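Kindly produce the complete structure, drawing on both the sequences and the hints.
Chain residues, written in single-letter form:
4 protein chains.
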Amino acid sequence: MSKPVALIVGAGPGISIAFAEALVKSGYVVGVASRNLEKLRPLAESVGARPFVVDASSANSIVELFQSVEAGLGPPDVVLFNPSARIRGDLLSLDTAAAAVAIQTTAIGALVTAQEAARRMLPRGRGTLLFTGATAGIKGFARSSVFAMGKFAVRGLAQSLARELGPQGIHVVHFVIDGGVVQGSEDLELFTPRAIAQSYMAAIAQPKGAWSWEIELRSNVEPF
Amino acid sequence: MSKPVALIVGAGPGISIAFAEALVKSGYVVGVASRNLEKLRPLAESVGARPFVVDASSANSIVELFQSVEAGLGPPDVVLFNPSARIRGDLLSLDTAAAAVAIQTTAIGALVTAQEAARRMLPRGRGTLLFTGATAGIKGFARSSVFAMGKFAVRGLAQSLARELGPQGIHVVHFVIDGGVVQGSEDLELFTPRAIAQSYMAAIAQPKGAWSWEIELRSNVEPF
Amino acid sequence: MSKPVALIVGAGPGISIAFAEALVKSGYVVGVASRNLEKLRPLAESVGARPFVVDASSANSIVELFQSVEAGLGPPDVVLFNPSARIRGDLLSLDTAAAAVAIQTTAIGALVTAQEAARRMLPRGRGTLLFTGATAGIKGFARSSVFAMGKFAVRGLAQSLARELGPQGIHVVHFVIDGGVVQGSEDLELFTPRAIAQSYMAAIAQPKGAWSWEIELRSNVEPF
Amino acid sequence: MSKPVALIVGAGPGISIAFAEALVKSGYVVGVASRNLEKLRPLAESVGARPFVVDASSANSIVELFQSVEAGLGPPDVVLFNPSARIRGDLLSLDTAAAAVAIQTTAIGALVTAQEAARRMLPRGRGTLLFTGATAGIKGFARSSVFAMGKFAVRGLAQSLARELGPQGIHVVHFVIDGGVVQGSEDLELFTPRAIAQSYMAAIAQPKGAWSWEIELRSNVEPF
Chain A
1244 MSKPVALIVG AGPGISIAFA EALVKSGYVV GVASRNLEKL RPLAESVGAR PFVVDASSAN
1304 SIVELFQSVE AGLGPPDVVL FNPSARIRGD LLSLDTAAAA VAIQTTAIGA LVTAQEAARR
1364 MLPRGRGTLL FTGATAGIKG FARSSVFAMG KFAVRGLAQS LARELGPQGI HVVHFVIDGG
1424 VVQGSEDLEL FTPRAIAQSY MAAIAQPKGA WSWEIELRSN VEPF
Chain B
1244 MSKPVALIVG AGPGISIAFA EALVKSGYVV GVASRNLEKL RPLAESVGAR PFVVDASSAN
1304 SIVELFQSVE AGLGPPDVVL FNPSARIRGD LLSLDTAAAA VAIQTTAIGA LVTAQEAARR
1364 MLPRGRGTLL FTGATAGIKG FARSSVFAMG KFAVRGLAQS LARELGPQGI HVVHFVIDGG
1424 VVQGSEDLEL FTPRAIAQSY MAAIAQPKGA WSWEIELRSN VEPF
Chain C
1244 MSKPVALIVG AGPGISIAFA EALVKSGYVV GVASRNLEKL RPLAESVGAR PFVVDASSAN
1304 SIVELFQSVE AGLGPPDVVL FNPSARIRGD LLSLDTAAAA VAIQTTAIGA LVTAQEAARR
1364 MLPRGRGTLL FTGATAGIKG FARSSVFAMG KFAVRGLAQS LARELGPQGI HVVHFVIDGG
1424 VVQGSEDLEL FTPRAIAQSY MAAIAQPKGA WSWEIELRSN VEPF
Chain D
1244 MSKPVALIVG AGPGISIAFA EALVKSGYVV GVASRNLEKL RPLAESVGAR PFVVDASSAN
1304 SIVELFQSVE AGLGPPDVVL FNPSARIRGD LLSLDTAAAA VAIQTTAIGA LVTAQEAARR
1364 MLPRGRGTLL FTGATAGIKG FARSSVFAMG KFAVRGLAQS LARELGPQGI HVVHFVIDGG
1424 VVQGSEDLEL FTPRAIAQSY MAAIAQPKGA WSWEIELRSN VEPF
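Chains as they are written, first to last, in our numbering: chain A, 1244 to 1467; chain B, 1244 to 1467; chain C, 1244 to 1467; chain D, 1244 to 1467.
Mixed in with the good hints, there may be bad ones.
A pair counts as met if it fits within one copy or between any two copies, since identical chains are not told apart.
Listed next, the in silico BS3-like pairs over lysine-lysine satisfying Cα-Cα at most 30 Å (straight line) [as the list claims (entries may be wrong)]: (1) LYS1268 to LYS1451; (2) LYS1382 to LYS1246; (3) LYS1268 to LYS1246.
Because the hints were derived from the structure by calculation, they are not lab data. This one's a predicted model, so the numbers in the text were calculated from it and none came from an experiment.
Structure below.
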């Protein structure tokens, strides 16, 4: 039997790479994709994943990514959508054209990724589709309206798809990452990518009979 | 003292016109705006409101609307953003380009409207900014992922702005309209525009000391 | 036609008396009930309400209250349940017997009040049943576990009854009071009983076609 | 090093026994407690757990249970509170005395269990405290007001304790079990105790750096 395949859209030196590493250790063939292939390559190599290029603000680019991954690794069993464009500032200071691009990347990028993933999972009646969200997806903070719009939109998408695709065998999970992720450490007592990735792995291991559609994660000392 | 001014963006024969009528009866000068001026004119006249044209999918068009309203009626004290583009269908059947336009209209349209409203309200330290939302903004239904994305995004925007603008005197309210609105009736025992508009009027009457940022409305027989 | 009747269970110098005053001004005959009749009497007189005695921790006492009110004023059209026993402290410091009494007062008191109110409203197919809740009913704070239990329980009760009694014509509303109420002032720009009572009055005026089951209230400067 | 100890309060032939079995297989010494020792004994033996007696409606009985467990097995590292008294029926049909007993069992039982668990975990700065909740704890259904009160109360307690005890090293988790659990099957594709217990085990394995305070579980075909 061939190895299962995972694809991480919007990979960088954080949760996505820690998850890629855990997937590789569990026997997955893993593709990781981001805009800057040069930056991604050493990261990918360090965990044994295959680097791909993608511009999440472009639907065509996402479509092509899935074609390349399918050709190179096979159809993905696990797909994580990770990118989010963060724009901050008072309402009056916001550039609404930049806001539109941010929403396009975050929300439409998530939709296209979901579509391409489902296209390959539905015929086989199984697969896992993960979204990295944030507290901003359940609580709209002041001076963060565009980030709130994008993260709320992704959460709405994930919840809708959980209802739509679940009965067809696709497990959709939305992660609510609460707090600043501590980079450059592997300490499981801190809110590190590695501590977080453990729950991503637990989510993909949930049996069909008992799924979570949303998983909120924070360190034990994070106020909420 | 001059009359207060209200502007309804995305007016049609439903909640928006019933609200316009109630505002006029309470002494407001009311502008109502929609894409099709010919269809809007008789509706506007029937309730004593002034018709304006706007294409909510265009930021420029919204900016121009506010300029016209300010020149013709004065700076608005109350602004309602009402439009929403509804796309339904299985994930695989969705046209992602159409989805992007829908999000642009619903979410970015709401953002630009908020910005133009706040630009005129903040200097005076008061004003009310209303958003018509739906149950789809708090519950993502199957085969309705694009509608969920748009309505979740508007809710995230409204919540963020409630936190940001409230302390500066601007009351932001997000309405959750639950259930199919019964058109063509004025029966207050049914989920009619007129029954709903009564709570829009109550919201704008809330004193600064006790505001609601979200108001959920449904008929007494609507299951939830 | 005789005047409508309102009953406030757990009245004190705050929201309940401000609401009683607003009801009297709107033409209601109002009964207000609390444990200490001596303290209540001058408050009741000051707003034109009739004082009654009740011990909300005793089901029998609540049953007797409704009998007295029905005999003296008629069956109530509007009933507000207001009491809550507040116990604070670290988990290990809590007296669990006192906690049980607090839950009995807050949650079972609310249930018995609802039952006695519904007993008199259902035969007429109308009425309004209000609960004063708090942010503690939607967010369980540290060192406030007993208060959280009581307020969550009341919210669960209210939501269940909104679903159960709504189709039978009884409007059930749960208020989420967020922030410290400013006593001894009538300033509508502060979180005063009078500012809050305005939304209680708006709730009982909602037509059957467009009800809210929950209304969250906070001052414009309250962080949330 | 001695084996870790787990205690399940309110054990029966469902989630609790499946969880006990998984704990035993992972190397825990497990105590299971319920009212009827005769019924419990063969269940406990079948999974290698030690049976204890407890009446969850009595604070004293819970206190004594923890003393017995501590004496016999050692202080527990993991405690699950499982019982809930289910009373259904129209508001007017409810026996409020029975409702009070149900709340005492469900909510005060949970509080006393939490207190006894924390008393033994806080000095060691670690431990996991689990609550089995239900959809009724986040949605109050019609004709289920007493069940809603109890389950909302337990959720409020759990959320408050997650905030209070988390920074002191105690992991508090509230499970939302959505749907009818399929008894008598071990099929991981159905909503069976065994499928559910897998997520209980994943929760206790979460590292301190990335905890969930609430985990919602349902089968892939359960509508929500």
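Each hint, compared with the structure:
1. LYS1268 to LYS1451: For LYS1268 and LYS1451, both the intra-copy (23 Å) and inter-copy (22 Å) Cα distances are at most 30 Å.
2. LYS1382 to LYS1246: neither (39 Å within a copy, 36 Å between copies)
3. LYS1268 to LYS1246: both (12 Å within a copy, 28 Å between copies)
The structure fails hint 2 only (numbered hints given earlier).
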